[in-house]
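2 protein chains.
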Amino acid sequence: MPTLRLALSQVNPSVGDLAGNADLVRSWTRQAADAGAQLVLFPEMMLTGYPVEDLVFRRSFVAASRAALERLAADLAADGLGEVPVVVGYLDADGPPQVSGDAEPGHGARNAAALLHGGAVVARYFKHHLPNYGVFDEDRYFIPGDTLTVVRIAGVDVALTICEDLWQAGGPFAAAREAGVGLVVNINGSPYELNKDDIRLPLVRRRAAEANATIAYVNMIGGQDELVFEGDSMIVSADGELLTRAPQFVEHLLVHDVDLPAATEPPAAETAAGMRVVRGALDGVPPTPSGPAAVGGLIEPVADEAEVWQALVLGLRDYVNKNRFPSVVLGLSGGIDSAVVAALAVDALGGDRVVGVSLPSQHSSEHSREDAADLAKRTGLDYRVEPIQPMVDAFLANLSLSGVAVENLQARVRGVILMALSNQEGHLVLTTGNKSELAVGYSTLYGDSVGGFNPIKDVWKTLVWRLAKWRNTDAARRGETPPIPENSIGKPPSAELSPGQLDSDSLPDYDVLDPILIGYVDGDLGRDGLVESGHDPAVVDKVLRLVDTAEYKRRQSAPGTKISMKAFGRDRRLPITNRWREKG
Amino acid sequence: MPTLRLALSQVNPSVGDLAGNADLVRSWTRQAADAGAQLVLFPEMMLTGYPVEDLVFRRSFVAASRAALERLAADLAADGLGEVPVVVGYLDADGPPQVSGDAEPGHGARNAAALLHGGAVVARYFKHHLPNYGVFDEDRYFIPGDTLTVVRIAGVDVALTICEDLWQAGGPFAAAREAGVGLVVNINGSPYELNKDDIRLPLVRRRAAEANATIAYVNMIGGQDELVFEGDSMIVSADGELLTRAPQFVEHLLVHDVDLPAATEPPAAETAAGMRVVRGALDGVPPTPSGPAAVGGLIEPVADEAEVWQALVLGLRDYVNKNRFPSVVLGLSGGIDSAVVAALAVDALGGDRVVGVSLPSQHSSEHSREDAADLAKRTGLDYRVEPIQPMVDAFLANLSLSGVAVENLQARVRGVILMALSNQEGHLVLTTGNKSELAVGYSTLYGDSVGGFNPIKDVWKTLVWRLAKWRNTDAARRGETPPIPENSIGKPPSAELSPGQLDSDSLPDYDVLDPILIGYVDGDLGRDGLVESGHDPAVVDKVLRLVDTAEYKRRQSAPGTKISMKAFGRDRRLPITNRWREKG
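In order, the protein sequence lines correspond to chains L and B.
No gaps in the numbering here: position 445 of the first sequence is 455 in this note's numbering, and each next residue is one more.
No gaps in the numbering here: position 377 of the second sequence is 387 in this note's numbering, and each next residue is one more.
Since the hints were derived computationally from the structure, they do not count as laboratory data.
One or more hints might be untrue.
[Claimed, not checked] One side of the interface only, derived from the structure: several residues of chain L facing chain B at Cβ under 7 Å:
(1) Ser-24
(2) Gly-26
(3) Ala-130
(4) Val-132
(5) Asn-331
(6) Lys-332
(7) Ala-404
(8) Leu-406
(9) Asn-408
(10) Leu-419
(11) Val-426
(12) Val-460
(13) Arg-476
(14) Trp-480
(15) Leu-584
(16) Ile-586
Quantities reported herein were computed from a predicted structural model and do not represent experimental measurements.
In this text, a Cβ means the ideal position worked out from N, Cα and C, and glycines have one as well.
Input sequences plus hints: build the corresponding full structure.
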């Protein structure tokens, strides 16, 4: 039985940075070769980053991806790495891509994987199952492949597959079984969702059984706008054993020796499970690894709060760094939301790249200012105080305003100050609205919604509190200063835009509100379904009215990191103009 | 040869308003019946409005659509209209819709047409070709139908089809030919694009030839967020003759008598062009219309500027009215963009529902204020003046700002004032950035980009000028006051945020800029393609740099009416975090 040393390169590519991504492949292949790897795997769309969305429609971009692939193969050989087979994802197309002005048929783009060896592209595979749900639109972009690519490497038949191919039964994994392969490579750009790792392992096991083959699953890490990729790369044997598994949210080279069945002569049939089978073979790959056996680790699962915290930190860090912002600025109210965002930002960027501004008004309580200052001291961020009353008074003196208009004015003056600091000093403004308040519209358009990125836009308020407590406890466990003031965690939430104002004046308590919102927004339950779940009908009706009429406000919120399947924003696309109301 | 009196109901449904849309069907069927119609046709997704986007995933919404259809059939009968066959679009599903948490397979939703007669739903058809390009995502929502529905009405075999079925060869129209039908009904929710009417007629003719049948094409009108539907309903005979054609952008009942071939006994084959054929027949529809012949009109095409103006007026009017805003407010700078938006708003809503606010700063020229006042006088809008200097000074006294931060501050103070008026008085704020300045990022985030709807977000600057000239000339032709001051049209564009500032200090002249932008944005041309088209390479590089780095700003712009295929916003979806740059 041959043994193959696999190297799964769990790296962090950047969308559009073809040269930088190719350099990543070269340096990680160097490390893998140094570790004696016989096959090196990189994620889906490694060369272009993922998802590239409508860049697919630019012929110049598709041409650049194809040229970068050829050049990478040559560069690897020039690096002395030509003898190491490398699998890399990229954007391809059938012939020169054609974009018609109208129905855009036949642009022929492919979500592709290439096998590089000896300075050349020696095999290609085109993704068969295209996801078109949730955050995915791949039917818009790609033509599905219908050919299974099988390459004999060091005496083992290896099939190439891409991401969604794993999530649907039939197709390439069934074909791989009929084709008698020993190893299925699955390269991924699989976005993080809460607890998706718990779904992924059983899924890989099912496919291993379906293919009767070992599966090498490699996923990218990193943030891309609202998406964050978690890694969680792994190898699972044909009988379902988890051989090795990489940590989440960090770059990692997972090197592991795998015993695999020797390839026999292929059956006569060149079609399997409805797919054409194309076979090839690589010369010169040694049949066994040299030196001591390589054994990858097995990562233990972590608590939900730890997982979410890491996802939010990575999503924020990459949004800031990949967009080349030197630093961030946010308003510190002394409340829990801005405290958690500040702590996330310091974890992501370091205290010297985070500016926190206290923006007190006449309605700001003394403890709010103290809690903001306390947070600054705990986290080491750059702290400033800019009282807003002089500017608020200038508006009030020149306009006849009352009620909500006056409340919102204060939030908008804060937004103007933060944007002025952004223009003057170059910071990205962070927004701090949680998912609960965004859902019910409890925020000010062009006020606290001002900013380029919202790290907690997909975090329900009750989870914000849980994250804060987890982060403090984890700090204490490690003997560090808990970053978030206990006062900010314990006090009743308030917008402090009018005297004595509390969130509970306008909204149900969050432990009542959040379960209803989760059912309505994440669960797509209707009014009747929510009532059947045991919620008070009057409260359900009130909450649904708030959500339905807040639709317009949601469209104005900044992008942020997605941590669950049903975030506001890209993966639930709702009409703004919409008279549908769940009836009581 | 039988004669059928067709009534094409070119109406304006509202998304989510099932009861209101059903009422529309009842009242228009009443009018059609009074005109002696033997078959009444309503648009695609008439009952739900179109597009409903992710409302499809709510079981309660799908159930409501199906219930509304049954009830509509009964209500028509109760109205005494049960003997008139009515075709109406709605949302259906196979069995109870299932929404899984993950891949969302098998929710089974259908984009459907129903034939109502005798108080019941007597036939259904499910859309076969699903569009998934440009603004369309129907692969995300619907399962394609594979059955052609043919119903014998007054001795004529009539096939039902929906929208995209017309835009692709093969499928239902080929099947209709094999099935020997005399009339193909095609119901539409077909969004407006510039000059789409010039494409549509030849297309209908090709399908009439393909089906060897007369085609009755009915399309909705109205605005829905960024889309506007134009109507342009028509009947084309099997030999390609345009028999009658409705006007664009207005509700219209198009009634016309059509001679159609008598149905013969169907061929044995119950499959045609790969589709199953299901046949039915209606009893009791008279074989010929009664009374004098009905002849629909033939609309003459209008100039591009007239067409665009009507599209923008309708899109704005429906956004305001369907969202139940009492009025709109906008800032009037004296420049061409705000003048055109004000004129559009007055045309859409009347002068008494439009508030125009002059917001002069120390950099505003005297002529700017005069031009704004002149515009107000010409259009009859509610005119106010709110100098911004006191508020700007309050910020400058408390913050250390310079350069662009000071320029942007002025635009943001204006945004705060407009939003305060919105909160205080209930107006929707209109934004006035044209597509050219949005494309290159020549605007202030949370400044002039503040607002709920931007009527000209998809209008290039050079087209803004053409629209202004056309509107003034058209007014003069009708003996009315031209709404837009000649000064606003003739003077060089300026943001007036610093002394003597002109757009041409920062940007190429718009007659140079716009053709490059049109090639890059609308045409998806790369840098090389633009240079090959004859543009100066240095200017191309400058413009592409501006567009690529303005990507983030575009994401912040308000929705507005789409007039071409490649607007910013929904139909070009680009990553924010993106390092791809066209190279010079």
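Against the structure, the hints come out as follows:
1. Given hint, L/Ser-24 at the interface with chain B, holds; its Cβ is 5 Å from that chain's nearest Cβ, closer than 7 Å.
2. Among the interface hints, the one on L/Gly-26 holds; its C-beta lies about 3 Å from the nearest C-beta in chain B, closer than the 7 Å criterion.
3. Interface restraint check for L/Ala-130: the shortest CB-CB distance to chain B comes to about 25 Å, outside 7 Å, so the restraint is violated.
4. Because the beta carbon of L/Val-132 sits about 27 Å from the nearest beta carbon in chain B, more than 7 Å, this interface hint is broken.
5. Contact between L/Asn-331 and chain B, as hinted, is not supported at the beta carbon level, the nearest pair being about 10 Å apart and thus beyond 7 Å.
6. Using the Cβ-Cβ criterion of 7 Å, the hint placing L/Lys-332 at the interface with chain B is satisfied: the shortest such distance is roughly 5 Å.
7. The interface hint given for L/Ala-404 is met, as the beta carbon of that residue sits about 4 Å from the closest beta carbon of chain B, less than 7 Å.
8. Interface hint status for L/Leu-406: violated, as the beta-carbon distance to the closest one in chain B is roughly 10 Å, over 7 Å.
9. Interface hint status for L/Asn-408: upheld, as the beta-carbon distance to the closest one in chain B is roughly 6 Å, under 7 Å.
10. Taken as an interface hint, L/Leu-419 checks out: its beta carbon lies about 6 Å from the nearest beta carbon of chain B, inside 7 Å.
11. Interface restraint check for L/Val-426: the shortest CB-CB distance to chain B comes to about 5 Å, inside 7 Å, so the restraint holds.
12. The beta carbon of L/Val-460 is positioned within 7 Å of a beta carbon in chain B (closest approach about 5 Å), and the interface hint is therefore held.
13. Hint status for L/Arg-476: violated, given a least beta-carbon distance of 21 Å to chain B, over 7 Å.
14. Given the 7 Å rule on beta carbons, the hint for L/Trp-480 is violated: about 25 Å separates it from the nearest Cβ of chain B.
15. Because the closest C-beta pair between L/Leu-584 and chain B is about 5 Å apart, less than 7 Å, the hint holds.
16. At a threshold of 7 Å, the smallest CB-CB gap from L/Ile-586 to chain B is about 5 Å, leaving the interface hint in force.
In summary, the numbered hints that this structure violates are 3, 4, 5, 8, 13 and 14.
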